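Asker: Take a look at the letters that make up each chain.
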Amino acid sequence: MRKVLLATYLGSAAVLAVGSASANDELNKMSQNPKDWVMPAGDYANSRYSKLNQINAQNVGKLQVAWTFSTGVLRGHEGGPLIIGNVMYVHTPFPNKVYALDLSNENKIIWSYEPKQDPNVIPVMCCDTVNRGLAFSDGKIFLHQADDMLVALDAKTGKQVWAAKNGDPTKGQTGTSAPLVVKDKVLVGTSGGEFGVQCSMTAYDVKDGKQVWKAYSEGPDDQILFDDKTTALGKPVGKDSSLKTWQGDQWKIGGGCTWGWVSYDPTLDLIYYGSGNPSTWNPKQRPGDNKWSMTVFARNPDTGLAKWVYQMTPHDEWDYDGVNEMILSDQSINGQARKLLTHFDRNGLAYTMDRATGELLVAEKYDPKVNWTSGVDMDKNSPTYGRPKVLDAASTEKGGEDHNTKGICPAALGTKDEQPAAYSPDTQLFYVPTNHVCMDYEPFKVSYTAGQPYVGATLSMYPPQGETNMGNFIAWDGKTGKIVWSNKEQFSVWSGALATAGGVVFYGTLEGYLKAVDAKTGKELYKFKTPSGIIGNVTTYENNGKQYVAVLSGVGGWAGIGLAAGLTDPTAGLGAVGGYAALSNYTALGGTLTVFSLPN
Amino acid sequence: MMFVASGGIAVADGSGDPTAVKQNESGEWSDKEGNPTYKVSDGSVDWYTYSGYRRYHSECHVCHGPDGMGSTYAPALKDSLKTMSYADFLGVVASGRKNISTAQENVMPAFGDNPNVACYMDDLYVYLRARANDAWGRARPPKHEDKTQAYTAAEDACMGNKK
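The listed protein sequences correspond, in order, to chains A and B. For the first sequence, this note's numbering assigns the number 600 to the last residue and increments by one with no breaks. For the second sequence, this note's numbering assigns the number 1163 to the last residue and increments by one with no breaks.
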């Protein structure tokens, strides 16, 4: 009776408000249904783990292709599809097409969407015109276009509901990241670290696309949304924590881009993401710690206010963006239950932190070849607590402008780039796709022009000395900071992993293989060569009682630049062509979704 | 065009015979047509080839791949310069180009306003010309001629560096 009265007398506005609150609970609930895949990483914790176990370590060897779908686009295909009930939503790189496929009716195209974008955005996208996927909430599909427009599409019809301009591509601001919906807001980052963009994370209202807050990575406190309670490693950061670490107004072209993944803890009500490299790549040109580039942020999703921050690579000298995903897990360390955040950084260190407080618990190398640092100072009483100790031999700041610093590991690609790792609560292990590449790095003076590349370093890349594999796929214990097993891969592993309750871990390779390995041992159980190299993320879902595994292939991205022609050994001297395998000998362009299942 | 094929020129690219015949006070070599060119001897290169190597691997390689080898979405410039002339090279770098069809969307931006590129057009051309003629391989030049005072003065003026 009471309910009826409320509904009757409060009118349509209140009903809408109630509707929106339940829609958000609905998304959280939907993410717990393993049959669907409703957000980029499967769940808010970014665990990329599925409870589905029809496909398991015993039968995965029998996997076969169930169906395929060509996206009609040739560029690098990152990210993966969303699956909601009987509909799969597939995205593409520029021109950023979206397809809704009917899983209950021969995977027919229900609708497709293709925005009209100025092709002049293409060359201001560093490292290919990738897009990392879609978000869903409130009956809408959210797409972050290359031209930095955020659009909301009606999930049923594909018609545009609203569009919001997040940034200006003529200034080098572009969109590559997947949005994340938290409650009634959709969050998007910015790309443009190689164009001197002052990058930000921005929240828009899911209903109408109105901007709610914008938090920059560097600048005055009212732009970075810090207050007197914002802490770093347990201590308040104080006033002007960012401004103090830049020369003059260099922060205005400071980078710190936010093109990675966002995760969310509904209980603590905090979102987590990382910021990228400070611009330029020439460290001599921007003295100071360049805060808060290279930083893990914990922010309130409603206000954007920063609760805690941790800068991993102060005063970057190598382009080690801190944008990689933050994976949230609940594990015990030394017998104590902890709410953890684990992050595999480009800089080659894997960090385990307390995600409530920002306390640093573990920071260890997840590739033994990492040589720019001897490790992070873990002594809480030390003045350099939490800072990595930089070794002179790998310091491009020490080497200075016009000096070629050789043999730095990892390369600017990082020990891992955006390709997300997976976490299985069954094994309590992280499954991490990694790069195994080193570099020479020579910084030199550059000048800034709006909308033009602002790089300022020459680099060349190659596998670590004496080795030929350019990637590894590893299992990592985040509690102790140790590699449990490691599989060599000929090329960098540039595909997001998937762990399942079936005891299987899936990932793709640049040659184009979808691989399934045993979660406990890493033993290869299945592989299939898809039409092109894989830089997409593996997804699983259930439809009509059957478990499927889906992955986008379509080589490209940064991996498509450095590895397409093959790397050379710089010590081999003049004429050393093809010293290492060239990706172009294995695969060619083309976007295809390949979906696998067990035979009937 | 025909006479090139029948003329028996041993080495030629989009600008003709790349053999260096003259060096100016900046240290830049030119061929007999007056186009900038490289000079490689005993594993040592002229300053422009070296400078071009560095600038290429900062400004160009994120699309065109390491050593002018191309990527999954931009052409291999070591091949392009086999047919592209010096004048055309300057035009494309300064003004950009679009190559858009149903099958591809290749867009090169205009670098005319970007001093990091515009001030080093000849350096880039000379390096890539050496690559196109296989006069220099896939490696960083370990030895090079010194940077001249005239080059430094011109570079500072172009980049707006204060002395």
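What the hints contain is simulated information worked out from the structure, not anything from laboratory work. In this text the structure is predicted, and so the values were computed from the model without any measurement. All residues carry an ideal CB built from backbone N, CA and C; glycine is no exception. Careful: at least some of the hints might be erroneous.
To be verified - Here are the simulated distance ranges between beta carbons: (1) A:L391 / B:K1082: 36 to 46 Å; (2) A:D227 / B:A1157: 45 to 55 Å; (3) A:G139 / B:N1106: 52 to 62 Å; (4) A:G400 / B:E1025: 39 to 49 Å; (5) A:Q211 / B:R1097: 56 to 66 Å; (6) B:K1098 / A:D302: 50 to 60 Å.
Stated by the list, open to error - Distance condition first, Cα-Cα at most 35 Å in a straight line; then the derived DSBU-like pairs of lysine-lysine: (7) B:K1022 / A:K398; (8) B:K1143 / A:K244; (9) B:K1098 / A:K29; (10) A:K171 / B:K1022; (11) A:K284 / B:K1032; (12) A:K171 / B:K1143; (13) A:K479 / B:K1022; (14) B:K1098 / A:K398; (15) B:K1098 / A:K529; (16) A:K116 / A:K62; (17) A:K252 / A:K116; (18) A:K97 / B:K1098; (19) B:K1032 / A:K406; (20) A:K165 / A:K62; (21) B:K1022 / A:K116; (22) B:K1098 / A:K165; (23) A:K389 / B:K1098; (24) A:K214 / B:K1147; (25) B:K1143 / A:K369; (26) B:K1032 / A:K171; (27) A:K389 / B:K1032; (28) A:K445 / B:K1098; (29) B:K1082 / A:K229; (30) B:K1098 / A:K252; (31) A:K252 / A:K235; (32) A:K398 / B:K1082; (33) B:K1143 / A:K159; (34) B:K1098 / A:K108; (35) B:K1032 / A:K252; (36) B:K1082 / A:K445; (37) A:K488 / A:K527.
Asker: Take the hints in turn and mark each one as holding or not.
Answerer: Here is how each hint holds up against the structure:
| no. | hint | result |
| --- | --- | --- |
| 1 | A:L391 / B:K1082: 36 to 46 Å | holds, 43 Å |
| 2 | A:D227 / B:A1157: 45 to 55 Å | holds, 48 Å |
| 3 | A:G139 / B:N1106: 52 to 62 Å | violated, 37 Å |
| 4 | A:G400 / B:E1025: 39 to 49 Å | violated, 28 Å |
| 5 | A:Q211 / B:R1097: 56 to 66 Å | violated, 36 Å |
| 6 | B:K1098 / A:D302: 50 to 60 Å | violated, 43 Å |
| 7 | B:K1022 / A:K398 | violated, 39 Å |
| 8 | B:K1143 / A:K244 | violated, 41 Å |
| 9 | B:K1098 / A:K29 | violated, 47 Å |
| 10 | A:K171 / B:K1022 | violated, 42 Å |
| 11 | A:K284 / B:K1032 | violated, 41 Å |
| 12 | A:K171 / B:K1143 | violated, 38 Å |
| 13 | A:K479 / B:K1022 | violated, 66 Å |
| 14 | B:K1098 / A:K398 | violated, 41 Å |
| 15 | B:K1098 / A:K529 | holds, 34 Å |
| 16 | A:K116 / A:K62 | violated, 43 Å |
| 17 | A:K252 / A:K116 | holds, 30 Å |
| 18 | A:K97 / B:K1098 | holds, 21 Å |
| 19 | B:K1032 / A:K406 | violated, 38 Å |
| 20 | A:K165 / A:K62 | violated, 47 Å |
| 21 | B:K1022 / A:K116 | violated, 51 Å |
| 22 | B:K1098 / A:K165 | holds, 25 Å |
| 23 | A:K389 / B:K1098 | violated, 46 Å |
| 24 | A:K214 / B:K1147 | violated, 47 Å |
| 25 | B:K1143 / A:K369 | holds, 29 Å |
| 26 | B:K1032 / A:K171 | violated, 42 Å |
| 27 | A:K389 / B:K1032 | violated, 55 Å |
| 28 | A:K445 / B:K1098 | holds, 29 Å |
| 29 | B:K1082 / A:K229 | violated, 62 Å |
| 30 | B:K1098 / A:K252 | holds, 31 Å |
| 31 | A:K252 / A:K235 | holds, 26 Å |
| 32 | A:K398 / B:K1082 | violated, 40 Å |
| 33 | B:K1143 / A:K159 | violated, 60 Å |
| 34 | B:K1098 / A:K108 | holds, 34 Å |
| 35 | B:K1032 / A:K252 | violated, 48 Å |
| 36 | B:K1082 / A:K445 | holds, 31 Å |
| 37 | A:K488 / A:K527 | holds, 15 Å |
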